[in-house]
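> Letter by letter, the chains look like this.
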Amino acid sequence: MTLVSVRDLAVSFGGTTVVSGVDFDIEAGQCVALVGESGSGKSVTARALLGLTGGSVNAAELRFHDTDLRSASPSRLRRLRGREIGFVSQGALVALDPLRPVGREIEDSLRIHTRLGAAQRRARAIELLAEAGVPQAAERAAQRPDELSGGLRQRALIASAIALRPRLLIADEPTTALDTTVQAGILDLLESLRDAGTAILLISHDLAVVSRLASHLVVMSEGRVVESGPAERVLAEPRHPYTRRLIAAVPTDRPRFERLTDRPAAAPAADRPQASRDVVLSATGLRREFGSRVAVDGVGFALGRGKTLGIVGESGSGKTTVARLVLALERPDAGEVRLLGRPWSTLTEPQRRERRPGIGAIYQDALSSFDPRLTVGQILADALSGGRSRRASPEVVALMESVGLQASLASRRPRLLSGGQQQRVAIARAIAPRPHILVCDEPVSSLDVSVQAQVLDLLDDLQRSLGLSYLFITHDLGVVRHMSDDLLVMRHGRVLEAGPTESVFSRPRHDYTRALIDSAPRLG
Amino acid sequence: MSRPAVIVAAAVLAFLVFAALFPGVIAPGDPLAIHPLDSFRAPSFAHPFGTDESGRDIFTRIIHGTGASLTIGLSATAIGVGLALILGLLSGLGPRWLDFGTTRFLEVLFAFPGLLLALLFIVIYGPGVVTSTIAVGLATAPGYARIIRSQVRVVRRAPYLEAALVLGRSPAHRLVRHLLPNVVGSLFVLVTLGIGQSIVWASSLSYLGLGAVPPAAEWGAMLSAGRTYLGSFWWMTFFPGLFIVLAAVGTTLLGRGIQQGTRLR
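Chains L and H, in that order, give the protein sequences.
For what it's worth, full-length UniProt numbering labels the leading residue of the first sequence as 1, then goes sequentially.
For what it's worth, full-length UniProt numbering labels the leading residue of the second sequence as 1, then goes sequentially.
For reference, chain L alone in the conformation it holds in the complex:
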């Protein structure tokens, strides 16, 4: 039977309509997914079911079970929330009270909605944590959120959302910012809840994530539903160009050099060195300790001109430390990094300074890598002139165009740009000194899949036109397979497996690699 029924839903804030004409139904034991980019209105739509939009909600029908949510009183809505509708909000890392043990968080909803005694509540909270896949649940229940990993926090949040066995669970980007295997575990958990009869409304920007669970997809763009239908149909025969773009943007299982957006590929420039066997960057026996913890141990690799070396691993695998060693932001305790066949990590910083323009970097958080006082134009002029000038010049405009930024953005501060634009500015700054190598540390991890596709295509274009070599660091196997020629799989600071990307993917030698590959979300 139909548990949730939404017809012609519209939400507006102070006269501005942000969502309109949204229809969907959810049945018990069914998972429906709202998919779209940030700002498409999917979170607001989900919050309308909870009466938590903060705006004004209008609908021809907005029903949960036998309650008309349009006319439900605040106290009726309060009783629904938690008891009938569980909500896992975006950002598990901040949604838990940092000062309280996670078990207490779960006991809260039991205390408010049930008549269980204190001891029973405690026992039940531990049961729920175990059910949500938290190992050693009794000990974990007594820990505060900062003592738990991201995956465990997300599980704790889900445990509190399902504490009262709600009929509907709303999960807003439940796996964003989680490692691949952790993400797979959370999706498994949601799947088992669905199979046990819970209806799930799943919200994500990533079609690959939802396609595993959802039987029905609602694709949203700019506050409207552009396409809606059974998941298999939508994925196999997308009718709307926007859906097609979203599907095309998923990098998983897409061969290297295949385009993720409909922009044509750039032609290689004749005056730049092309891909070759020349090694531009090499590392041997790198080791780095922080106190008693060995962050990186015995890591070695060689990066060829015009090639991409992917380093994939989960949080704590030491991949970012490798990036910092390569950029000479850390000094290795053992081993050496050589740049263009010459010493690099053994130099003193003043010796290194004149060679620094040969190697650039882009980061996951592009915004914080910009001086907040500077405009885009000033940042790029500074990078082009080697720090001597911040005045606008024709070169700045040319540079902005080369990364697909409108010249009119030069007078803006990066803070006011979108995430994708910020990363383009970071890329422009990095290529301004004409480096041979770019170190890319999770450059697309905080971007929507569709924006990620644009940035990946841009990096691909620049590699071809400038002959750049990339050291590409990510936790995302789909992205790394699409981008790299060679691959390094890291775990606990060591290289677990290395080789040409395709052979690692087709014949993984290590169980961990196999588990990683299997856990990467795929379409369909």
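What the hints contain is simulated information worked out from the structure, not anything from laboratory work.
As the structure is a prediction and not an experimental result, all values here were calculated from the model.
Mixed in with the good hints, there may be bad ones.
[What the hints assert, rightly or not] To give a feel for the contact side, a few chain L residues facing chain H, derived at Cβ under 8 angstroms:
no.	residue
1	L327
2	L329
3	E330
4	R353
5	R356
6	P357
7	Y363
8	S368
9	S369
10	D371
11	P372
12	A383
13	G387
14	P433
[What the hints assert, rightly or not] Stretch-level coverage of chain H by chain L, calculated; a stretch enters the list once three of its residues show a Cβ under 8 angstroms from a Cβ in chain L:
no.	stretch
15	153-160
16	168-182
[Unchecked claim] Residues of chain L placed beyond 12 angstroms of chain H at every Cβ, according to the derived structure:
no.	residue
17	L52
18	S73
19	R79
20	E139
21	S192
22	A498
Yeah, the Cβ is synthetic: ideal placement off N, Cα and C, and Gly gets one too.
Got chain L; can you put chain H on it based on the hints?
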């Protein structure tokens, strides 16, 4: 903070600055000229703010005293911020032992009320306009220094400084072009707020007879001179006090206005 309040504050300050630069234009008389026959006159057309015990025109004296008061306020703040910048940069950028030393030193200074610190300085070096200015500067420095130190420590770890290092910028370039502007930028508002405070403190010292001394036309000193006649001739203390308040409130409001403006940008 509403826009009108900021505009009014700016207008008041503009008037005060003008008065400081061209006192003769607003009040053409001599602030020190004595007219014993006209002593203790209540405010009137001839003497809008009244006259004092020697028959000097209070309006003229206040206008001519603006320069002294504003100069003391500005110089004291400049001394305080300058000293604080050195201390803050030393402890924010220097090795750990230096940070430890500077911070403990600041904590000792903090243990004394600012005014007491200023009094101590004056006791050692003797009263006067210059010593009281330096004294106020010294007394305000620890507060600024602590803020600068924490700002420096935040900014030096900012990813954009690392990004500048990766781009091959020298330590001097990173310090001068990235670190300092970002530290000072956040300080600008505090300094504006601090000027008002410095004016009040400098006036307080003059009032206690430790700064500018009567018959000099300085607001605090005039306030002090009027103290004896507080019961009978209110205008002698009211108008100098009013101008101290105007200057302090004006700079504070303007500082808050700028603060909010920068937050919006």
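> Checked against the structure, which of the hints given earlier come out wrong?
3
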